[in-house]
Amino acid sequence: MSAAAGPSVWTRVADRLAHREPATALALFRIGVGLSVLYTVVPIRRSGVLPLVWMDRAYGGFRPLDVHHWLIRFVGGPTDASLMVLSGVAVLAGLLLVIGFGGRITALATGQLMLGLFAISPETSGGHDLLLSNALWLLVLSPSTATLSLDARLFGDDHAFFSPRPVAAWPRYVAIFQLVLVYTTTGMQKLGMEWMPWGHWTALYYALLTPSWQRYDTAWVPRLFPLTQVATALTWLWEVGSPLWLLAYWYRATRDRPGRLRALCNRLDLRAALAIFGILMHLGLWALMDLGPFSLVTLSFYACLWHPDEYARLWRRLRGLLRGLLRRP
Amino acid sequence: MKHLRTILVLLHVLAITLLAFPAPVGLTQRALAQPEIQDTIQADAEALQDLGVDLGPQRLSALLWSAGSRFLAARRTLLAPFRPYARAVGCEQGWRMFGTLNRRPAWLLIELQEGETWRPIYRSRSETLSWHRQWLDQERMRAQVNQFAWLRHRQSYDELGTWLARQAAVEFPQANHIRLSMEQRSIPAPAVLEKDGWPPPTLRWQTVHSLDKFR
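So the protein sequences, as listed, match chains F and E. Just so you know, we're using this note's numbering here: the first sequence kicks off at 1 and counts up by one. Just so you know, we're using this note's numbering here: the second sequence kicks off at 1001 and counts up by one.
What the hints contain is simulated information worked out from the structure, not anything from laboratory work. Just so you know, not all the hints are guaranteed correct.
[To be verified] Here are some chain F residues pointing at chain E (derived, C-beta under 8 Å):
1. T210
2. A287
3. L288
4. D290
C-beta atoms are modelled at their ideal positions from N, C-alpha and C, and glycine is treated no differently.
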C-alpha cells in the first residue's frame, strides 16, 4: 500500500482499540453494575422468596431443580445452606463492585456467582440476567477500578480515589456496541402485530395491562390510549434505529471531514439525543412496570456513552457551580 | 500485542453479534399453533394481501415453519464454535423482549375451601386478596406466573400448587382444600374497557389440592 493511501482498515481498527483514556466511564459502569447486582439479590433475600425461586424442593423450594452450573454443583446443589451463603456472597460482591475493591477478580467471581444463581431457575429468569452477566464479563475485561475506587486509593500510583491514569478504552467501545446490539435485535424481534401500524401500535397498551408486570394499578391506561400508541411507535423506531448511535460516534471521530449530515449530527449531538430518549424510556418503564433490575442494568451501560473528558468537564462545571453557591452570602 | 488484542476483541464482537442475531428460537409446531401467534400470522397475512402478496394464513404459517426450521439448523452449526465461550463467561445473547404481547393475560387466583364455601385469598396485583404477596408478587415469581399466563410449564404450576397447599395447611387449620386457577381475560379495546370494564374471566388450569395430607 502506498503511503498516500493512508493506513489500512486493519491498522486503523488496531490503533483505535489501542487507544487509552482515563477510566471514569468504566468506573461509573462498574458502580451501576454493582448496584444492579444488589438490586437483583437483596429483594430476593428481603422478601423471603429465596426458597421459592432458587431452592430445591428438598430444602424448601417448590420443585426439584437439576442445575448443571459448576459452582452450584460445587456447593452441593441448590440447598438452603448453599443458597443462603451464595446469595450473601452476592450481596458482598455487589458492594465490592460499587466501592471498587478487588479489580477484575471481583468481577470474575461475581460473574460466575451470578451465572450460577441464574442457572438454577431459568423459568424465573429474564433479559436483565443476561444483560447483567454480559456486563460483568465486560468488567472482567476492563480496568474499571483504576479510578473512583478503593483499589485506586489503596494500590494506585498516586494513592488517590480519583485517578487520571489512562487505561484501555476498548472495553468502553465494546460496552457501547453491546448496548446497540441489545436495542437493535430486540427491535428486530418485535414482530407481533401490536408493534406494527396494522396492529394500531397497541403494544404498550397491552403491556401496561398485563398483570405480570404492573407496578401500580393501570386503570388510567385506556384513557391515554393515543399516548401509548405514540410511545409504542417511537420505542420501536428508536430501537431499530439505535445503530444510529454507531453513526454518531463515527461522525464524532471524523468531525474534521466534510459533509452536511456529519456537521449537523455533531452540532445537535445525535448521541446525546438518542441517549436522552433511552433514559426517559427506561425511567418510564421503571416507574410503570416491575421488571426487576432491567432498567438499572441497562442504564449502567449508558455510563460508557460519554468520553471520560466529558465527565471531567461536567465535574469541573458542577464543582464551580457548587463553589459559587457556597460563596453566596 | 496490538494485533492479538484486535483479533480477540473482534472475535468477541463477532460472537455476540452472531449470537444476538434474531432467530425464531423455540419454534415448534405447538408454539406456532398458539392463538396469539396465529392472530399475528392472520394479521400479517392480511397486511401482505394488502401489498398484493396473497399467501393466506395457512400458507404463511407453513412458510414460516419451513424457513424457520432451516434457518435454525444453519444457525446451530454457525454458532457451535462460539457457544462454549459464551456459556463459560456469560456473554450469551438473546434479546427477544416483549416481541409478542399476551392479549389474553391471566391472573393467578388462589382460593381456600372452608366448610362448603370457597374464599379467595390471593389474586395477582390485588391489594385486598394478598396472601403471601411478598413472595408471589416478587419480580422473579411474577416471571414464573407469567409463564403460566402463557399456559406454559404446567408441571411447575402443579408443583407450586402443592407447595402453597403445604403453607395453607399450617396457616389455615380450619380449611380443607386450596384451589389454584389462572383467570384468563382478553384485553378489550380501550373504549370498551373504559366503558364496560374487564370481561368475566375464563378459568384455566383450575386445580384443587387437599390440605389434609400435609397435617
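_Would the hint on F/D290 be counted as holding, given a Cβ-Cβ threshold of 8 Å to chain E?_
holds (5 Å)
*With 8 Å as the cut and Cβ atoms as the points, is F/A287 at the interface with chain E?*
violated (15 Å)
_Next item in the hint list is F/L288. Is there a CB on chain E closer than 8 Å to its CB?_
At about 13 Å, which exceeds the 8 Å cut-off, the nearest Cβ of chain E leaves the hint on F/L288 violated.
*When the least beta-carbon distance from F/T210 to chain E is tested against 8 Å, hint result*: It holds, given that the least Cβ distance between F/T210 and chain E is near 5 Å, below 8 Å.
This entry does not satisfy hints 2, 3, going by the numbered hints stated previously.
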